[in-house]
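Quick mapping for you: the protein sequence lines, in order, are chains A, B, C and D. For what it's worth, this note's numbering labels the leading residue of the first sequence as 1, then goes sequentially. For what it's worth, this note's numbering labels the leading residue of the second sequence as 337, then goes sequentially. For what it's worth, this note's numbering labels the leading residue of the third sequence as 673, then goes sequentially. For what it's worth, this note's numbering labels the leading residue of the fourth sequence as 1024, then goes sequentially.
Because the hints were derived from the structure by calculation, they are not lab data. Please note that a few of the clues may not be correct.
From the derived model, a few chain C residues whose C-beta atoms are all more than 12 Å from chain B [as the list claims (entries may be wrong)]:
(1) Ser681
(2) Thr751
(3) Glu779
(4) Arg784
(5) Lys791
(6) Gly793
(7) Met795
(8) Arg800
(9) Glu803
(10) Gln814
(11) Leu823
(12) Gln847
(13) Leu848
(14) Met873
(15) Lys1014
DSS-like cross-link-like pairs, simulated, lysine-lysine; straight-line CA separation at most 27 Å [stated by the list, open to error]:
(16) B:Lys358 with C:Lys829
(17) D:Lys1270 with D:Lys1052
(18) D:Lys1270 with A:Lys22
(19) A:Lys38 with C:Lys727
(20) D:Lys1270 with D:Lys1078
(21) C:Lys752 with C:Lys911
(22) A:Lys46 with D:Lys1180
(23) A:Lys22 with D:Lys1103
(24) C:Lys727 with B:Lys411
(25) C:Lys753 with B:Lys411
(26) A:Lys221 with A:Lys255
(27) A:Lys22 with D:Lys1180
Interface residues of chain D toward chain B, partial, derived using beta-carbon atoms under 10 Å [as the list claims (entries may be wrong)]:
(28) Phe1083
(29) Ala1193
(30) Asp1290
(31) Ser1294
Each residue gets a CB set at the ideal place from its N, CA and C atoms; glycine is no exception.
Spelled out, the chains give:
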Amino acid sequence: EKMTVRDALNSAIDEEMAADPKVFLMGEEVGEYQGAYKVSRGLLDKYGPERVRDTPITEAGFTGIGVGAAYYGLKPVVEFMTFNFSMQAIDQIINSAAKSNYMSGGQISVPIVFRGPNGAAAGVAAQHSHCYAAWYASCPGLKVLSPYSSEDARGMLKAAIRDPDPVIFLENEILYGESFPVSADVLDSNFCLPIGKAMIEREGKHVTITAFSKMVGYALKAAEILSKDGISAEIINLRSIRPLDRDTINASVRKTNRLVTVEEGFPQHGVGAEICAVVVEESFEYLDAPVERIAGADVPMPYAPNLERLAVPQVEDIVRAAKRACYRSVPMAAAA
Amino acid sequence: EKMTVRDALNSAIDEEMAADPKVFLMGEEVGEYQGAYKVSRGLLDKYGPERVRDTPITEAGFTGIGVGAAYYGLKPVVEFMTFNFSMQAIDQIINSAAKSNYMSGGQISVPIVFRGPNGAAAGVAAQHSHCYAAWYASCPGLKVLSPYSSEDARGMLKAAIRDPDPVIFLENEILYGESFPVSADVLDSNFCLPIGKAMIEREGKHVTITAFSKMVGYALKAAEILSKDGISAEIINLRSIRPLDRDTINASVRKTNRLVTVEEGFPQHGVGAEICAVVVEESFEYLDAPVERIAGADVPMPYAPNLERLAVPQVEDIVRAAKRACYRSVPMAAAA
Amino acid sequence: QAVMTVETSVPFTGHRIDTPSRSVETTPKELLSFFREMSLMRRMEIAADSLYKAKLIRGFCHLYDGQEAVAVGMEAAITKKDAIITAYRDHCIFLGRGGKLIEAFSELMGRRAGCSKGKGGSMHFYRREAEFYGGHGIVGAQIPLGCGIALGQKYSKEETVTFTMYGDGAANQGQLFEALNMSALWDLPVILVCENNHYGMGTAEWRAAKSPAYYKRGDYVPGLKVDGMDALAVKQACKFAKEHVLKNGPMILEMDTYRYHGHSMSDPGSSYRTRDEISGIRQERDPIERIRKLILSHEISTANELKDIEKEVRKEVDAAIAQAKECPMPDSSELFANIYVKGLGVKDQAP
Amino acid sequence: QAVMTVETSVPFTGHRIDTPSRSVETTPKELLSFFREMSLMRRMEIAADSLYKAKLIRGFCHLYDGQEAVAVGMEAAITKKDAIITAYRDHCIFLGRGGKLIEAFSELMGRRAGCSKGKGGSMHFYRREAEFYGGHGIVGAQIPLGCGIALGQKYSKEETVTFTMYGDGAANQGQLFEALNMSALWDLPVILVCENNHYGMGTAEWRAAKSPAYYKRGDYVPGLKVDGMDALAVKQACKFAKEHVLKNGPMILEMDTYRYHGHSMSDPGSSYRTRDEISGIRQERDPIERIRKLILSHEISTANELKDIEKEVRKEVDAAIAQAKECPMPDSSELFANIYVKGLGVKDQAP
Ligand SMILES: Cc1ncc(C[n+]2csc(CCOP(=O)(O)OP(=O)(O)O)c2C)c(N)n1
Ligand SMILES: Cc1ncc(C[n+]2csc(CCOP(=O)(O)OP(=O)(O)O)c2C)c(N)n1
Ligand SMILES: [Mg+2]
Ligand SMILES: [Mg+2]
């Protein structure tokens, strides 16, 4: 059976709302309009306006209200129409949601999910294409998830809603319409994926490629191409950016001895930089080649389609990086 | 001659205001109160309320106003009482300041400086101790500077104010009162430091230690201690986080073959992660030991003094990391 | 040409200020230019709709048809030394500021002749030489930015003003209140222009605002409610506001207007309002038809002459599109250009 | 004990609402408890000042002396099922909610018996069991948070309300307007309590706000201006407001009050206001002296009995400090505790 990521998200919210009356959805156009990207289609009809709450375009305010409701004990799912707009509310996310449990010595837990599309879409230019994975994942107190497939979307969103801590849930607009096969297990209303665990999407021997969200699909395509050249790539779908599954990443690199990191966001202080550091810290002696970091170009996103294509990683970029990693083995320290 | 960092900053603003009538200062308590940390002492008297403008506590609004004034051609210096409060305004910094020149195809330049104390101070707990170096430095369109000494503070702030692009200038509250020797050159009103260049504060042979802001002082103290154990540490004061001076860092590591990164901010996706990636990318074969990353603990800042001390890097932590780096040499790839 | 006086459709409503006169001075020439410019804008937007459907325009694209009277009425009251800043619904503001069709269509299609070199797209039109500061995608952000431009004007002692435009949805943003307070404290020469088209995406104004009296926002600043479908009323209000703010600091103009299209190209625009509502407004209040009627009733031109103008406009638009289609995309080197004015050694990092 | 009626010092000023009566019902017992509680608060704050100077309290420390009537008057009108949230000037609100001195001083000195286990410090006091939600350091942030707590109360169909407290400086924050709008749209049972002590740090209210009529903020929500130095007026207003918001949605209470200390310990508090201003208010409007006078004039206690209470209070404070000083700092393992409710394998990363 197949399911779109949109339907996976929709069914996850639906089931969790049905299971727990404390769960409610709020955000711009989530109700009468059925969601700017139709992720919440049908939920207003089913649960009514108290539980599917349309807000004005006031991110700082409604995020603070959501966090306050979570302090009280409700379980809000706050939709950002896109995560770009979460910057208007980021103080509430970092200072009011992430830090309260700690500052209060454990008195104030904040069971809230912030979700919406993150990062590049198509043709939406600089202000609507920012990837916030690394920013949020740098902050203790938050958990940061980013699904790729419909299975990811269902299992991780359900886990996020049930989780007692604030979770940032980074979706991808372009994936909403993509269909993925889903098993009966995945469709079960008890299905949940563990937070903090990466998923090996494809096993391989020669090079480890880490990716999240849309880039997992690109990495899988790259692996296909690489296999024709006899290179067997292991593809890790990170799923969770915080906690980052250091164990799975390091185990894979210890096997393949080579690492390519892939992300659509900016390179500096990005997800790839952290993965590089984590592998250098734990598996330095296993690395046979420099870590190859593939990221979005270090530029605000341009609108023109030719420039835009140059600004985000393409399958060829991943293939090229993997080959670079594979054809190099570590020389002796030159100047030791 | 000696000068405090506070006076260095004050004189830099003063001189640039005297030199260019387009430069003005705005922020909370910068005028009549003489600055929350007295960095702007005397400037209101000298330049009047149009050029030293007290604002209400409305960061989003006054940051937007500052950016708009920069669009028009003025050169605002916007003070955040601390950078923690810049989160209320971060959308204006990222979307309106950093991206406008690009989105407009070069029509709208944004000559603005955002400055104020960043990161941990003493006893101010979780909401007032966040280091934003990595966040801002991830964003193309911004330049991000962080001074350590009075020379840094003067030379870099003057360069920042003269620069035609938006600059994030991250000061440190605890350093304000520290005195550093300054040469006649440094005191010259034409003195400027180049943006994007790191400074080797101490030459060494055995291990490279990178740091910025207050941690430079700690690294220098660590070098002192290490030298007693016969370890010669090269201390790099990054000065500029974006652009990051890859050349200086890599040249040093190619000489010492060992790297310790130090920062007070959170580890994940931090400055150290990026430096690690930059060195692995460019100088992998020169590395004789895993990169050692020293960062703030991965926790919201606790208030209690004993916990706070555990939460930020201490000189001993740096010493220990440097020794770890030095006593290890790279084993052959174990599983190749 | 003879100056003539025309009554505005409805009276202005004032808040903490005496309203300007309903009798607006105009000339046959001005009326004809209003007709021509609004027709050009309308035609441009309709062509953009087609180009979007033909996949030549991508991403978000927000059309202005229905609201044209605001753009042309405002321009008639001010000079190109006064500044304007707006949100993403910016195509026609750009034309009003003297931007060319070819620059608009090139930008929409991501070509190098675009007004932002193809890098900004639909939401990020600029024309710095005529004090048009864009073109902003984040709801509400342009409000403080516009106040900041006004601060620049006042600081530089230019006797110019800034119009900072935003929608009814944006009017609820906290940064409006923050910027308004500072503008009022500092007597900035800024006019906050709320283009109230009664919906923010699919949300009717009353669902988003407890008090949808946008011209009273904040309460302590003077405001006017204006028929934004009547170019002459808009002109009168803008002229009045410019004079006022130069002397007294900020003022709010709420333009009662309407967008015919959906919010953006993905919104059919029919789930949250009735077709009757839309067609009613087209029939009763269309800004172009209002001017056409005035021209005809004052016998300034004949119906056929006006039809000819519309044909000309159509040709102009078609010609600009054809030209834009021929225009190449930006050179690849543009990817790393304009990030900084002064690059200072940031390495070009491609994926 | 006999119920008695006392007139408030000044009339309430209303905005879009009829004001409550100036005649407030009270009892001798209540007046004595007001006296005792406010004296305790005052003494605690003065002791905190000394502890700060002795370097036993670090960082930011904002004292509440002068404003005590707001805390005790509010508590007299509500129950511990109603919620309160405030900013960093939170010590006395915590006491009002039933918090203990030992917890307060331990928190201030970073000891494990602190109300936040020593992890929050002066700005981050909490008492979740009595619906006290802190203790927030970012100006304005607690306003939407409080509205969210009220949303929780309404959603859960509890007949309780939330008091969300903020200063005159915070009242200019955009998030106030955003949260107020949503609270009004959704009829949330929230009372926005502006503690107008006339300065935000060193900025007088009129320098920060074009319109310092904080009880009228936003204009469309009912508001009351209250003498915040008169505990009985505060009680009357809070009772009135609680009833109002349960039926009708949000309301604003502006408490006209005063802080004797500087903004925080680094501010001598004398550069932006005159010593005469401070001593004038101490003489004319001090909240404790007002109650003392009432008690004496109604012959509820003698001057000596009240002095005895003050001595007791002093002893209590001294004892609590002594106890707190004996209390150990948190265990090192606390560094990594409470980051999450459910840790899920995030590694403890120390420097
Ligand atoms: C901060 C922010 N939140 C959400 C959006 C998505 N968004 C774009 S336009 C819009 C509706 C704005 O309505 P209005 O202000 O009335 O302007 P109009 O589109 O009617 O011209 C929304 C919600 C955004 N761009 N920025
Ligand atoms: C967003 C933000 N900006 C600035 C500060 C620094 N700051 C702390 S308290 C304060 C003054 C607040 O004044 P007011 O709201 O009147 O409250 P009061 O201190 O008088 O109780 C300022 C500027 C902050 N904590 N948060
Ligand atoms: Mg609208
Ligand atoms: Mg105050």
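Right, here's what the structure says about each hint:
1. Against the 12 Å criterion, Ser681 of chain C stays outside the reach of chain B, whose nearest CB is about 33 Å from its own CB.
2. With a least CB separation of 16 Å from chain B, Thr751 of chain C remains clear of the 12 Å interface cut-off, as annotated.
3. With a cut of 12 Å on Cβ distances, Glu779 of chain C falls inside the contact zone with chain B, its closest approach being about 9 Å.
4. For Arg784 of chain C, the non-interface assignment is contradicted: its Cβ lies about 9 Å from the closest Cβ of chain B, within the 12 Å cut-off.
5. With a cut of 12 Å on Cβ distances, Lys791 of chain C falls inside the contact zone with chain B, its closest approach being about 5 Å.
6. Here Gly793 of chain C does not stay apart from chain B, with its beta-carbon only about 8 Å from theirs, under the 12 Å limit.
7. Chain B draws Met795 of chain C into its interface by the beta-carbon criterion, the shortest separation being 9 Å against a cut-off of 12 Å.
8. Against the 12 Å criterion, Arg800 of chain C falls within the reach of chain B, whose nearest CB is about 4 Å from its own CB.
9. Chain B draws Glu803 of chain C into its interface by the beta-carbon criterion, the shortest separation being 9 Å against a cut-off of 12 Å.
10. With a least beta-carbon separation of about 8 Å from chain B, Gln814 of chain C fails to lie farther than 12 Å from that chain, contradicting its non-interface assignment.
11. The claim that Leu823 of chain C lies off the interface is violated: its Cβ sits roughly 5 Å from the closest Cβ of chain B, which falls inside the 12 Å cut-off.
12. Against chain B, the non-interface label of Gln847 of chain C is violated: not every CB pair exceeds 12 Å, the least being about 5 Å.
13. Against chain B, the non-interface label of Leu848 of chain C is violated: not every CB pair exceeds 12 Å, the least being about 9 Å.
14. With a minimum CB-CB distance of about 19 Å to chain B, Met873 of chain C clears the 12 Å threshold, and the non-interface call stands.
15. Once the 12 Å rule is applied to beta carbons, Lys1014 of chain C is inconsistent with being away from chain B; the minimum gap is 5 Å.
16. The hinted pair formed by Lys358 of chain B and Lys829 of chain C meets the criterion: a straight-line CA distance of about 12 Å does not exceed 27 Å.
17. A C-alpha spacing of about 31 Å is found between Lys1270 of chain D and Lys1052 of chain D, which places the hinted pair above 27 Å, so the restraint is violated.
18. Distance restraint check for Lys1270 of chain D and Lys22 of chain A: the Cα-Cα separation of roughly 23 Å lies within the 27 Å cut-off, and the hinted pair is therefore satisfied.
19. At roughly 22 Å between alpha-carbon atoms, Lys38 of chain A and Lys727 of chain C fall within 27 Å of each other, so this suggested pair holds.
20. Restraint check for Lys1270 of chain D and Lys1078 of chain D: the C-alpha separation of about 49 Å exceeds 27 Å, so the hint is violated.
21. About 14 Å separates the Cα atoms of Lys752 of chain C and Lys911 of chain C, which keeps this hinted pair within 27 Å; it holds.
22. With a C-alpha separation of about 20 Å, the suggested pair Lys46 of chain A and Lys1180 of chain D falls inside the 27 Å cut-off, and the hint holds.
23. For the hint pairing Lys22 of chain A with Lys1103 of chain D, the CA-to-CA distance comes to about 22 Å; that is within 27 Å, so the pair holds.
24. With a C-alpha separation of about 41 Å, the suggested pair Lys727 of chain C and Lys411 of chain B falls outside the 27 Å cut-off, and the hint is violated.
25. With a C-alpha separation of about 20 Å, the suggested pairing of Lys753 of chain C with Lys411 of chain B holds against the 27 Å cut-off.
26. A distance of roughly 21 Å separates the Cα atoms of Lys221 of chain A and Lys255 of chain A; the hinted pair therefore holds under the 27 Å criterion.
27. For the hint linking Lys22 of chain A to Lys1180 of chain D, the alpha-carbon distance of about 12 Å falls within 27 Å, and the restraint holds.
28. The beta carbon of Phe1083 of chain D is positioned within 10 Å of a beta carbon in chain B (closest approach about 6 Å), and the interface hint is therefore held.
29. For Ala1193 of chain D, the interface hint holds, the least distance from its beta-carbon to any beta-carbon of chain B being 7 Å, beneath 10 Å.
30. About 8 Å separates the beta-carbon of Asp1290 of chain D from the nearest beta-carbon of chain B, less than 10 Å, and the hint is met.
31. Interface restraint check: Ser1294 of chain D against chain B, minimum CB-CB distance 7 Å, threshold 10 Å, status holds.
Taken one by one, the earlier hints fail for this structure at numbers 3, 4, 5, 6, 7, 8, 9, 10, 11, 12, 13, 15, 17, 20, 24, listed in ascending order.
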